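J.: The residues making up each chain are set out below.
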Amino acid sequence: MSRVEGARKMIEITGLNKWFGPFHVLKDVNLTVRDREIYVVCGPSGSGKSTLIRCINQLEYHQEGDIVVDGVEVEKGGKNQSLIRRNIGMLFQSFNLFPHLTVLENCTLTPMLGLQTPRKEAEETAMRHLERVGIADQARKYPLQLSGGQQQRVAIARALCTRPKIMLFDEPTSALDPEMIKEVLDVMVELAEDGMTMICVTHEMGFARQVADKVVFMDGGEIVESDTPKAFFSNPRYDRTQAFLSHIL
Amino acid sequence: MTVVFEPKPSRPAPSTVVGPAAWLRQNLFKDIPNTLMTILGLYIAVTVVGWVLNWAVFNAVWEAENRRACLDAVGRSGACWPGVAEWLPNMIYGLYPKDQVWRINLGFLALIVWMVPLWLGGVKSKVAIGLSAVMLYPFLASYFFLGGDKGLVWSALIALGLSGLVWAWATALCERATGLSVGEWLGLKVAGATDDLKQKRVRQGAMAALFLAGLGLVSLWSLPEVRTQYWGGLFLTLVISGIGITFSLPAGILLALGRRSKMPVISMLSTLFIELFRSVPLITILFMFNTMLPLFLPEGSSVNQLVRAIVAVCLFAAAYMAEVIRGGLQAIPKGQYEAAASLGLGYWQTTTQVVMPQALKIMIPTIVGNFIGLFKDTTLVSIIGLFDLMNMARAVGEDSDWLGLFIEPFFVVSLIYFAFCFAMSSYSMGLERKLSAGRDR
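Chains A and B supply the protein sequences, listed in that same order. Using the working numbering, you'd call the opening residue of the first sequence number 1 and step up by one each time. Using the working numbering, you'd call the opening residue of the second sequence number 250 and step up by one each time.
No wet-lab data here; the hints were simulated from the structure. These numbers were taken from a predicted model, which means no experiment stands behind them. One should not assume that every hint holds.
Over the 12 Å line for every Cβ pair with chain B, so calculated as not near, a few chain A residues [said to hold, decoys possible]: (1) Arg-8; (2) Trp-19; (3) His-24; (4) Asp-66; (5) Val-68; (6) Ile-84; (7) Gly-89; (8) Glu-105; (9) Leu-113; (10) Arg-128; (11) Arg-158; (12) Pro-164; (13) Asp-170; (14) Thr-241.
The following residues of chain A were derived to be distant from chain B, with all beta-carbon distances above 12 Å [what the hints assert, rightly or not]: (15) Leu-115; (16) Glu-183; (17) Asp-219.
Label-pair ranges, simulated between beta-carbon atoms [stated by the list, open to error]: (18) Tyr-676/B with Arg-8/A: 53 to 61 Å; (19) Met-673/B with Tyr-61/A: 26 to 34 Å; (20) Ser-259/B with Ala-231/A: 16 to 24 Å.
Glycine included, every Cβ here is placed at the ideal spot set by N, Cα and C.
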């Protein structure tokens, strides 16, 4: 039995369909993520993994189906997107830090601007999170002066500063050198252990084995199968999953 | 067995790569064609500078009654400066009454004084001071330059300008001396208040008191009216281009945002405006505004000719600026918008805090290039009969004493334009260096 059996549903997706023009990217996707659960989503490129998590915080709008985030129904066309995004932090493959602001300013921008936190309090919170990801000593530098791994850790701290209940990771380590991948994964593992609800699109199968509650395999816009890491890696049901795993393991 | 890896220390570069001798060899005397070009370039430079110096300084006439006397003395081999000297006040101030010229000087001095804190160290609110100068100085200057009857509204605006100047300097001095803003310092020293709310009240009170004092001063003080017909020369050029430059940047930003807007009506209107004004020469727009606008206005109402010219220049410049800004906006990666959106920032927060600072920084050279172009384009207002610097220079050669004296005044006008444009250009280069320091690898 899962460690979070019966916990509150943080994300509930039912019958999700999305098209990019005539192209059907997501086909009848159903997914339920409970509080403190860690989902790892993998699959070949173009399978709709990123689009799926981008639909959750409305960076992409869906056309059919329902998405409920922490009890709030996501309205189609982004009508309540700011309300939805308030509870969700997101990490990107290309970090997307704001290059004209220092590391600290990157972290305090949203709390001060969007949430009206006084500067002092915002800076203290930011420093606490930077400490946690191990870059407090770089707080006054600009993002482009840091290595890729450090930048991604700043991005994690920046997301945490908005106090999200859910974190979405869109291939956070794909643009990094092997030595830097580990430092980012370590932070993610720590987050997972602290009880953050997470959906990670990643091909770091070691990470999946270590912390995931469920591994989801997607192909052609559908969820092919979804299982606990143990069952998923040792005994995949579909030939498509087996073929994919044989390529990346 | 493990061997410890020791990185080799870096050695200094050999003298064939660095140092002045290496630079000379690599850039000026690399091979035979390169050396020949260097010598040829040097020869041309020396000859041209020699000609100009001979004409403008060594062979020049410095004292004469009229152009005839100059021609008798040196012919055409030297410049005839007395004509320019006699007309110089007109070239700078136009036909502004001589006893009122101090108002122009004081007006521009006020602007310089307002801007000085931008170059002082230890001043934190430079952006606010710069903005205050841009937004409030025109009210103050308008009264210096125009004078005459000031109604209640204009008095209030002038007082706003005056108190803005005082507040800007108070901010600069306070931040330099104590590191606190004026509000914090006054709050602490006068009221002993440490919490934000009380300090805010003290600040607002001080601002209101300053404004009322300014209003009192303004109502006591009056200047005779100098109608815009008498404005001219460099002064007029600076007024038109100054207003054009200050207006074009914010208007251009709004138009560029409008053109990229997802709302079709706004985007269409912005595009229409931009394309309309960009595809018509400035001269045409000036003519249109000058001759056709009065036809459309109701009988009896008239718009000052200078205002017509300024409006035409502003709209033209805004359309061009909009495309420059749009170019900058397009250079911002989509990821920046997505990151801002995922953090929960709204449209205006994203635009003002994330996108615009980056876009403007990228476009500084082009923006300043546009400013320089606008500054020079204002010479076209001479076509509709305004006596700007250029038109004034032409007037020298039409004076009966100095008939035909054209080259010398145009030479001086070129120098003046060069000084202003080069200053703008250097400032933009400095700004670029400062803004990119420590931010790019």
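J.: Going through the earlier hints one by one, which of them does the structure break, listed in rising order?
T.: Hints 6, 7, 8, 9, 11, 12, 13, 15, 19, 20 contradicted; others consistent.
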